[in-house]
Structure formats: C-alpha cells, structure tokens
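Asker: Sequence:
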Amino acid sequence: MALNYRGGSSSSNSMLPWWNYDVFVSFRGEDTRKNFTDHLCAALDQKGIVTFRDDKRLERGKPISPELLRAIEDSRFSVVVFSRNYASSSWCLDELVKIVECMKMVGQTVLPIFYDVTPTEVRKQSGTFHKAFEEHEKACDNKTERLMQWRTALTQVANLSGWDLQDRHESTFIQEIVEEISSKLIYSFSSVDKDLVGIDSRLQELDSCLDMGSNDVRIIGICGMGGIGKTTIARIVYDRFSFQFEGSCFVANVREDSERFGLATLQEQIISEILQEKNVNIWDVHRGISFIRHRLRNKRVFVILDDLDKLEQLEALAGEHEWYGPGSRIIITTRDEHLLIAHGVNIIYKTKDLNEEEALKLFSLKSFKRNRYPAEEYVELSKKIVKYASGLPLALVVLGSFLCGRSVNEWRSALKKLEEIPNKEIFDVLKISYDGLEEIEKKIFLDVSCFFNCKKVNRVTEILKCCDFYPEIGLRVLIDKSLISVDSNMLYVHSLLQEMARGIVHQESPEEPGNRSRLWIYNDICCVLTSKTGTEAVEVIYQNSTGSKEIYVDADAFSRMNNLRLLKIHDVHPSKGLDVLPKKLRVLKWHGYPLKSLPPSFKAEKLLKLNLSHSHIELLWKGTVHLDKLKIIKLSHSRNLIRTPDFVGVPNLERLILEGCTNLYEVHSSIGDLKRLVFLNLKDCRNLRSLPSTISGWKSLEVLLLLGCSKLDKLPENLGDLECLEELDVGQTAVTEAPLSVVRLKNLKKLSFRGCKGQMSKPWNWLKCLLPVEVPNSLSFSLPSQLAGLWSLTQLDLSDCNLSNGAIPIDLGLLSALRFLNLSKNDFVSLPESINQLSNLQDLKVEYCQNLQALPELPSSIERLSTNNCSSLATLPSLLDLGLGTASYRQFSHYNCFRLIESQGDNNVVLSLVKDHLCLLGKIRFLLILSMYCQLTENRGNVDAATTMIDICVRTLMDILLKDLPNPPSESPRLEVSLSGTGIPDWFIHQTTSSSFTIELHENWCKDYGFLGLAFCASLEFQGNQGQKQRKEVQNLPVPANIRIKYDFKYDFKFKFYLFSDERNHIIYGKEFTFSKATLTVSNHLWLLLLPLDKYLQKKNWRYVKAYFELEGSGLELIKCGIRPMYMQDVTFGQSMFQRLDPSQLVPLTTQIMAIIRSAVQDLKTPKSQERQDGNDEAGTSGSGPCDDNAEMRESTDPLVEPKGKRVQE
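The sequence shown finishes on residue 1210 if you use full-length UniProt numbering, and the numbering steps up by one all the way, no holes.
Treat the hints with care, since some could be wrong.
[Stated by the list, open to error] Straight-line alpha carbon distances no greater than 25 Å define the calculated DMTMM-like cross-link-like pairs of lysine to aspartate or glutamate that follow:
1. Lys845 <-> Glu717
2. Lys299 <-> Glu268
3. Lys915 <-> Asp843
4. Lys455 <-> Asp468
5. Lys711 <-> Glu726
6. Lys584 <-> Glu472
7. Lys634 <-> Glu726
8. Lys138 <-> Asp164
9. Lys749 <-> Glu727
10. Lys387 <-> Glu376
11. Lys606 <-> Glu472
12. Lys456 <-> Glu376
13. Lys442 <-> Glu376
14. Lys750 <-> Glu737
15. Lys383 <-> Asp353
[What the hints assert, rightly or not] Across the chosen pairs, the derived CB separations fall in these ranges:
16. Glu180 <-> Ile347: 30 to 38 Å
17. Asn458 <-> Ser696: 27 to 35 Å
18. Arg676 <-> Asn908: 54 to 62 Å
19. Asp571 <-> Lys456: 23 to 31 Å
20. Gln853 <-> Asn355: 52 to 60 Å
21. Lys387 <-> Leu160: 47 to 55 Å
Since the hints were made in silico from the structure, they are not lab data.
Here the structure is a predicted model, which means the values were calculated and not measured.
Think of the CB as a built atom: it goes at the ideal place given N, C-alpha and C, for glycine as much as any other residue.
Please construct the entire structure, taking both the sequences and the accompanying hints into account.
Answerer: Now the structure itself:
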C-alpha cells in the first residue's frame, strides 16, 4: 500500500503551489523496495522530511491511479531511483512522465539516483533499458506517442544533476543524499503564512514582469508604501522559483542590516548562499562588487534584495545586468520608486492595496482564525475596522491579531481609541519613509496629508510654491517614496499615512496645541484663538468643519503667530475689531469675515489667495495696498460690498470673484489695468449697471461671467478687444443687443445671451393699454448681422431671447466648431436651413417653442435632440444619418409634442426612430463582420472560384458601407427616446406591470453576430397633483459609481433605470434623471432605450440580465414596462444601400462569410492559443474571437425566454 506520511489535496491548479509532501520517491519495487529505497525513506523520515513512496503492487496493464498523480503534484521534490528493471515497468515510466510535467509546469525539483545502472544507460536507453523498450514496443502496438514520451522523460531526467552509487557504501551514499535534500529544503521553507489573501492576482501580474521563460537577465523592482506586502510577495516568488536556478539568495532587511553590519557583509551573504561556500571573506565593498561580478557572470541565479532605501545599496548588491548569467532574475523591493529609476531598473511592479472583499477576508482570518467571516454581532465593527485600514495588509494583520478573542465592547473601545491614537506598531512601520525625507519634503508631506488630501495638484502646487517649498520636485519625491499618489490631477494620501502625519504633528506638543505647527481640530483651534496661546510654532490653521458655537476672540488673537502662513477659518468674530494679521500669510480664507474692511495694518506681502466669501466687507481696503504676489480675490456673496477697491497695488491678480455681491454698483476703473486677469465673475451683481470702458486692458482675460446682472443694459463697444476671451455669459441681463465687435472674439468658445430680450421703446408703451389685442412685452434680442468671425465657438445659448424667423444671421452655418446650440423658448415657426451646415453640431435644444411646426434637415453629427413642449411641431426629419460620429449614444426627447402624435401616430414616430437606429446598428455590425473576414483571409493562398466571388461581394459591400459611414464609431451607439401621448408599442413582445424583471439570454449569445442587443421601454402616467406619492423601487439597489447626476433642487420627479448582469451585479447600464411638473402634461409618457451589446461580444457570456425601474414623485406612476430583443433580420436596410447586390442574398451571404471566418480562425490558431481555448470557451485570437456553429445571423431564435419564477417582485 502507499505509505502516506501527510495527507492533502492537489494544488497543481493553484497559482501558488502549497506542497503537501517534501519528497516523492519513484522506484522499481522488485529492485529496491526492501533495501535501498527502504533505507532512504527511513533516513528522510528521521530528518523530518515528509516523504511519499508508492508501495502498491500493481497488476500488469492497470493505469496509474489518480491518487498517485496527485501525490506527485503535491510534492516539493521528486527523487527518482533508476535501477536495472526500472524501465520494464510502464507504471514507473508513467510516473516519470508526470514528474517531468510537474518539473516544467510548477517548477518541481527532480533529483535522479542511479542505483546499479549508469546515467548513460538511462539517457540512451541502452542495456537493460533497451531490452525493456523492445518489450514495450511489442505490447504497445502502434502507441508510438506513449513510447516517445517515456524515452523523452528518461533522457531529460538522466541529464539532470544527481547521484551515481557505483561501488560506494549505501549508508554513506544515503547520508549525502539526505543532507543535500535537507539543505535545499531549508531555503524552500517559507516564513510566510499560508493564510494569504489576494496573492494570486498579484502574482499573475508579476509573472509577466518575471517572464521566467526568457533567457535575458532581468532586474525587477517591487515598490509601494510600507506595510503593503512587498516583502510577502517577494518571499512567495522566491519560494516558488528559487529552486529552478543554479543558485539563489534572499537578502532581507537591507536598509537596517547595511547600517548595522555594512554592505560588505551582505555581499558575503550573497556569495556564500549562491555558491554554497562557507568561508567567504569580503572586507571591502569594491572588492565585493568585483567578486560577485566575476563569480556569478556565468551562473543563472535568483537574488532578492529586500527593503532598499539608498542608491549605494543597489550599486553594491544588485549591480548591472552583466554581473549575472543568462536567465538570471534580480528582484528589489523598496518604498522609493525613484531609487529604481535612478539605477536604470525599467521593469517596476507597483504593489496594490487589498480591495474591500480581500481586506475583510484577511482581517477575519486574523481576528476569527481559519477561513471564517465575522459573527453577526461583529459584522459592522469588522467593516469599520477594515475601512479604517484602507486595504493595508499590515494594518489588517496587526489589528486582527490584536482583537482576536476579545469581546464586542472591547472591540468598540479599541475602535474609538484608534480614531484618536494610531496603533504604534503600524505607526512605526509607516514612519520609516517619513524619517528619510529632507526637512522641506517633510513640511510638504505634512501639509498635503493634513490639509490637501483629494485636492487638485495645480492648486496645491501654487500654494506650496508661495511658501517657498519647491513643490515640483518635493511632490515628485513623495510620489516616488509611495507617500502620496496622483490620479486624474488629484493628490491622494492613504488614510493611515494621513493619520500618521497628524500623529507626528500631535507629538510636537501633546498637551499644548498652541505649540504645534498645524491645527485642524475645531476644539484645538478654538482653544488657541480664545486663550491667545498661539505661538511662533503655528504655521497653519485649517478649520474644516463648523463647531457647535461661533468663536469670539480678542483683537490680538493672532499677534504671537508670526510664522502663520495658511489661515482658513469661519464663524470667528473679533469682539473689538482686529489689530493685526500675520505678515507671512500666503492664504487667508475667512468665511463670514465680520468686519467692514481689512485691518489698516494689513501688509501680508507674500499673500497669494484672499477669500472672504459671505463677509460683511463694505470696502476691502482704503487707498492703495501693495500685494504684489496676490493672484486670487474672492468676495462672493458679500452683500454689503458697495464698490471694489483700487487695484493698482495688485498688478498680478489673475482671478476676481464677486458673485452674489448684490449691492455692488461700482467697479473701480483701475480694474482695466489688470493685464494678468484671467477670470472675472460678476454673476448676480444685480445693482451693477455698467462695466468700465477700460476693459480693453484685459489682455489675458479668458472668462467673463455677467449672468444675472439684471441692471446691466449695455456691453462696452470695445468688448471685441479681449483677444484671449474664451467664455462670455451675458444671460439674464438687461442687454438688448450684442455689440458688433463681439464677432472679433476669435478665441471665444462659449457664448450665452440666455434670457436677454429686446425692450419695447417707451413711446409705444402707452398704446399697449388701448389696443384690443395682446401686444408683446418686448422685442427680440438683436444679434450682429454676421457671426462668421466666431471661428472657435463651440457652445451658443440664445434661449428665451424672443427670437423669431429671420432673427438669426444667415451665416450661422459657418460656425464650423459649434457643438451645442440652444434655441429654446423663442418664437420660431421654422429654424434656418443653415443649421444643416453645422458639421460638428452634437446637441440641439429647441424646447418650449410653441410656434415651431417643423425642423429642417439636421447635420449627421447630431447626437441629442430635444423638442420638449413644442406643441405645434408636426414632423421630424429623418434621423437615419444622425449621430454617426464617435458618439456612444443618441438621445431624442419629445415630451408634450402632441401634434407630432396626431400627424404621424404614436407607433409611427417611435417605429421610425427605432427603424432608423436599427439600420445604423446593422451597418456597424456588417462592417465588423466584413472587416473580420478581410483580416482573417488576407494572407490565404489559392482559393476556389466561389470564395473569390464572395471576396468581390465583401469588397463591394464594404465600399458601400464606408461611403455611408466614413468614420464608423468604435462601438454601436445606444438610442434613448422620450415621447408623450403614447403607450408601449405592440411590437414589444414582452410586457409587464412589474417594476423589475429578470431576462434569460440564449446560450452563446455573445458569439452570435446576428444578435444586436435589447430594447427596453417604460410607460409613465402623470395625473397632476391627484393621488398619493408613488414610489416603486427595489430595495438595496446599488448606485453605479460611473453615473454622474446633475440635480435640479426644484425637481418634482425622479426616474431611474438600471440593468445588471448576473456577474456580481455588474452594471451594464444606468440612467437617472429628474424633471419638474412643468415638463409634463396630464397624459401618458413613453421612455425607450435601445441598448446594443456588441462591446461584450466574445468577452462576456451572462445567462441572465436584471432590469430595474424606479420612480418617485407625487402623481406620477409607472404603468407598464416592455422589452424586445434586436436582431439583424429586424434591420430594414433599403434597396438603395444594396443597389449592386440583391438584398435577398444578404443573409445567405452572411452565413457563408461567417463560415469562412470560423475556418480562418481555426487555421490561424497556434498550439498555445489552442491550449488556452481548451481551457476557456471564450478565448479568441487577435481580438476577433472564434465563432461557434450558431454564430451566423439567426432567422428565428429569440434571445429572451420568458422567465419562470425568476421575476423580481416590486
């Protein structure tokens, strides 16, 4: 029977093989069972080496057992005892083939022993081995493949380094073998806990960096913040691969040990372990470099250098690629990415945090032991601690171990303590990186961690720069040392590093906050200001949240804080005025500043930003104040501000924000001297009547916002001199005409005159009360006769300007860059035909145009069209050619357009839109199929006549399609339609009154090129204010992170639609929008969505998708939902598209094309890709993927099966 010293299951399929046995012994029982093999196993057992040997007597012809195969896979080493009759056993030879397979696949070490037989006999299959194979050839008949596997395995193992007994004593021989195996196992025993979480995915990513199959020398860096698992990953990689090399060495704690023992000692360790030499003496680092380079240059070695922090360590220990033999791998772990870059390491793996699921699992393993998840009473506490740890493995392990076995109350107490005092063990590890920084870098790190986490890089850089901190290089150093990160131009600090930084500040003066460099806690700020204990140590006061009470301070509250550079406070009231503000201030942000002006002594010469929003300021300063470095003044919503100050002393001002200063009536003429002014916001300055004539001096101005300046009735004629202006918003002002010079604004991108209406002249006002008919309150806004000079304009808003036919200049079509046009709330009967010439127009809004009867032909670039509440609109243009650019969706909204329904019928409107869109989807899908065909058949040899004929048809079709779609989108766009006065069309074959339902897709839909996607619709009914608030929703509905919602605070209704797959609630699509009662009339309203699924072809194969509708609002109710699959046979292409090809041949032609594609895919497959295909039904080649037998367009298969018992209830 098999002597099983330790049980376990196979782990061969795991990314990281955990060995159940140290040694598997393969031997021929007749030769060595009761002598040599028995003595060898006994000696191994005595050393504590866990051994598996097969001791069964197998009947001839029986196959090798699965248990034995698993034992081979589960073994760290395989010892093969070659004896005279070894090859006569097919059982032994099958074992050997499996052993060689494990050697190649999982790196198992194979050690051959030649007992009473020479290596040459085994290698060349001579002597008794030759006779054995003669017998096998007779018994195996034509099974030559199996014989070749046996021969190859014998040759490969005989070529390995092993032991040859010859005439030596068995006892001495066995002792040498056991010592050798024992020494190899010492280096393979991992000090890493087996309870590893998330390791497989990280090792897969690192595998591509290592590329163990290549023969080049690779130096690889692993970097990341402290405690993130760099050393753990390195140890696992070492355990997994080290035995494949001629020599290996793991040098741990290089940072600490190089300080304690010197680099020469570490060089000795490398040489000693790799070359297995005991007495290596290196007394000089330079000699050590020469020694390593000379002795290892022809050896394939594996070296890991852990926790390096200086370049000299890399130079002395890692060296250059030329130091090592072909196939060598050197891995370096460090917190400092720049260290790797400086040494020329170009393969760098950045270690990642654990995700939420992985973090909870690791924490549970440490706090509850084994693979357990939290007990019910610990669930919420566990989640809070996991959130605190923010995916850092060190913190999860430390906290989990600390809390293991403790009560719920003890957990609560520990969590509360953590919120105030960081764990010392975690703190000390993280602080190592901070301790290695220069002084200015430490200041930057503390500022960013305490105040600027999740802030824009450029804004933070500007503030740090004015503090003389050299942020460009300082931030780069912090990024390289993994102390901060940047993503999408935002600075981020890991929550535990932020906590560490705040702990460092707290340690500066644990008892007295007035002696700390930075203050951010409300109670500390309140204490320092009210007790006047702030000292020169205080550099930053940054109040983030409002306290329970306002803070009242004395006039000299800041008098001792001479080094204060950043001050951000609110609801702070000096009881008797303010004597002084620190002169070193760079940023002053005082929300609700209670005084009428700044102190007369205010001389903060280095001030960069002044923000006194919602203040009581009447005049910022009197006379001239010299603040040469000041770039930003923000006095938003300071309602007492009457006029602006003299700006002569702030020549470098770039941003002036006076939004909501409702009593401001005068802007000082010196504002025209601000040649660096880039941004001017005067929104809602309702008493401002004019701008100074000196505005021509704004040579740098890019944005001018005048929205809501309701008494501003004229713009300066020299407005056109603002050559850098990119955005001008004059909406809701009293301006009645645009100055002629506006067309000279060559760089203008956004222009809005929304709500600007021409006023009726006074002499006519008296007639209004005498006339029997209604007279308009105003005339139309006056535009220049030509707009052609606005070459850069991308957005134009002329809504609510009383414009009628002919009011828009005829050269509108020359605005070639225009993307957004809003003509809503005007008196048009028809729109100018020149709109069709706007080749880049994507979004057209013509809402609330009561007299509008028809739309002209629209440019093909249109993606969004909204005609809501155009009650006279009777026809829509063809939408077939709209949105053919790179748009991911097309949206058409026609709420309350009842004439449209009367003239065309509800089904006709919707059906027309859907048919046009399906035609577009069909063209895009055909192009995909034809492109695949061309790609896969372009390198063929000779072909038959039938295939040549298909080639001609394919080329003809592609030429026709590319004329219609010269720039086809990368993926098929979705269609969204909103319409009033109609219900769900009859052709939606699946309808339900439920607000949620599950849809079963047909098998292999993801490989079906005839399946275009799914159509959804919902019928809504608005009953005014009748009835109670309706709300249909699905509990615990997750909100998609990628859905950005712009809320209107006055909305009455909210409508949501989500589509999930069965793949862990993967969100396929999400939609949320709001609208007011004024948007809808008392009627039925339809929302429809056509959702293509082509981006999931060959990638996903969900069996189910789940649709959810949610609706809330008084008087609005969800009546019914519908769904329909979309197929290629639903597409009506039209005869004109295929005038050179009979449309009746389309589907058969496609079937032939798809057959050829499948054949071509099979021909192109390599053995490697075929192996992947066998392991993964969805694998493909070259991004196109193989097509199954049902991949051609289907005639009748419906991808939906009406679910039975799977409908989600409301």
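Asker: I'd like to know which numbered hints this structure contradicts. Please list them from smallest to largest.
Answerer: Result: hints 1, 8, 12 and 13 break, sorted rising.
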